[in-house]
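Q: Here is what each chain is made of, one letter per residue.
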Amino acid sequence: MIDKLNKAFESRVRLGIMSTLMVNDEVDFNTLKELLDTTDGNLASHASALESLGFLQVYKQFIGKKPNTSYKVTKDGRKAFNKHLDALEALLKNR
Amino acid sequence: MDTSKEHLDQLAHIRTMMERSTRFISLSGLSGIFAGIFALIGAGFAVIYLKLGFPYSEYWITPNANLTSRSAIMKFFIVDASLVLIASIVVSTLLTVKRANQNGQQIWNVAAKRLFINMAIPLLTGGLFCLIAYYRYGYIGMIAPLMLIFYGLALLNASKYTLDDVRYLALAEIVLGLFAFYKIGYGLLFWTIGFGVLHIVYGAWMWIKYERNS
Numbered sequence: 012m013i014d015k016l017n018k019a020f021e022s023r024v025r026l027g028i029m030s031t032l033m034v035n036d037e038v039d040f041n042t043l044k045e046l047l048d049t050t051d052g053n054l055a056s057h058a059s060a061l062e063s064l065g066f067l068q069v070y071k072q073f074i075g076k077k078p079n080t081s082y083k084v085t086k087d088g089r090k091a092f093n094k095h096l097d098a099l100e101a102l103l104k105n106r
Numbered sequence: 004m005d006t007s008k009e010h011l012d013q014l015a016h017i018r019t020m021m022e023r024s025t026r027f028i029s030l031s032g033l034s035g036i037f038a039g040i041f042a043l044i045g046a047g048f049a050v051i052y053l054k055l056g057f058p059y060s061e062y063w064i065t066p067n068a069n070l071t072s073r074s075a076i077m078k079f080f081i082v083d084a085s086l087v088l089i090a091s092i093v094v095s096t097l098l099t100v101k102r103a104n105q106n107g108q109q110i111w112n113v114a115a116k117r118l119f120i121n122m123a124i125p126l127l128t129g130g131l132f133c134l135i136a137y138y139r140y141g142y143i144g145m146i147a148p149l150m151l152i153f154y155g156l157a158l159l160n161a162s163k164y165t166l167d168d169v170r171y172l173a174l175a176e177i178v179l180g181l182f183a184f185y186k187i188g189y190g191l192l193f194w195t196i197g198f199g200v201l202h203i204v205y206g207a208w209m210w211i212k213y214e215r216n217s
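If you're matching them up, the sequences are chains H and S in order. Per this note's numbering, the first sequence starts with residue 12, numbered consecutively. Per this note's numbering, the second sequence starts with residue 4, numbered consecutively.
No incorrect hints appear here.
Some but not every residue of chain H turned toward chain S, in silico, with C-beta under 7 Å:
{"hint": "1", "residue": "Leu26"}
{"hint": "2", "residue": "Gly27"}
{"hint": "3", "residue": "Thr31"}
{"hint": "4", "residue": "Val34"}
{"hint": "5", "residue": "Asn35"}
{"hint": "6", "residue": "Thr42"}
{"hint": "7", "residue": "Glu45"}
{"hint": "8", "residue": "Leu46"}
{"hint": "9", "residue": "Leu99"}
These aren't lab readings, by the way, just hints derived from the structure by calculation. Note that the Cβ used here is the ideal one computed from N, Cα and C, for glycine as well.
With the hints as constraints, model all of the structure from the sequences given.
A: Below, the structure written as structure tokens:
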């Protein structure tokens, strides 16, 4: 088989992060947390895992005195996620 | 564990996340119905207050054409339409809050903000355009057609950030607005169809399609 499911996207939280970023230019931490209905720690650890794979770009800035983290998907991330989708599709077709 | 079910589940999750982060889907069809009813009541008030006969053509010159009565009529219309707008906003906000709670969707999320701003820009433009058309140029007959057209364009723009079905309502409002512009003088009638009847039809359709069974 050529296309394999990407292990990096196995968790639901990661899948959610990637899906959201595929259709939005930039999403901040709190919005993502609310959309995924998850905890700070959980989201942060999955996001940094995706970042270290080079799939996400993280932007840290201050809005007033509050730190604000936002995320964008990288080219590699987009490619990897599309491949993952293709693989899912192929698996469902050949079942 | 059945793997193909797992894959389907993954795809469903991806789809939900993409939609939830870009589209606001908690608008209730009932708000459309209520907005339509308020518009009909508002129009009914106008017909009674201005003692109009069907189909209310040239309603702004019916009693008499002098300027004071014209501006009094305009004031009446502004108050009347504002009450319709306020009642509609209050009721649809309440219904939307209720529906969003049921859906587990946050009210004021990214999708809602995006929907709001993309709807508000053409709508405010239209509102200001109408005010200028009247107060600077006295084009009172253009107001109803302009309201319908700008409202339709605002909905068309908003349809990218909520249910696709809104597009049909948008197109209907635009077509109606153009008709109204072609038949200037029948503005109140067209306004009543556009903001009253179409809202009720659309609201009922949405309610049947998405909410009846939930």
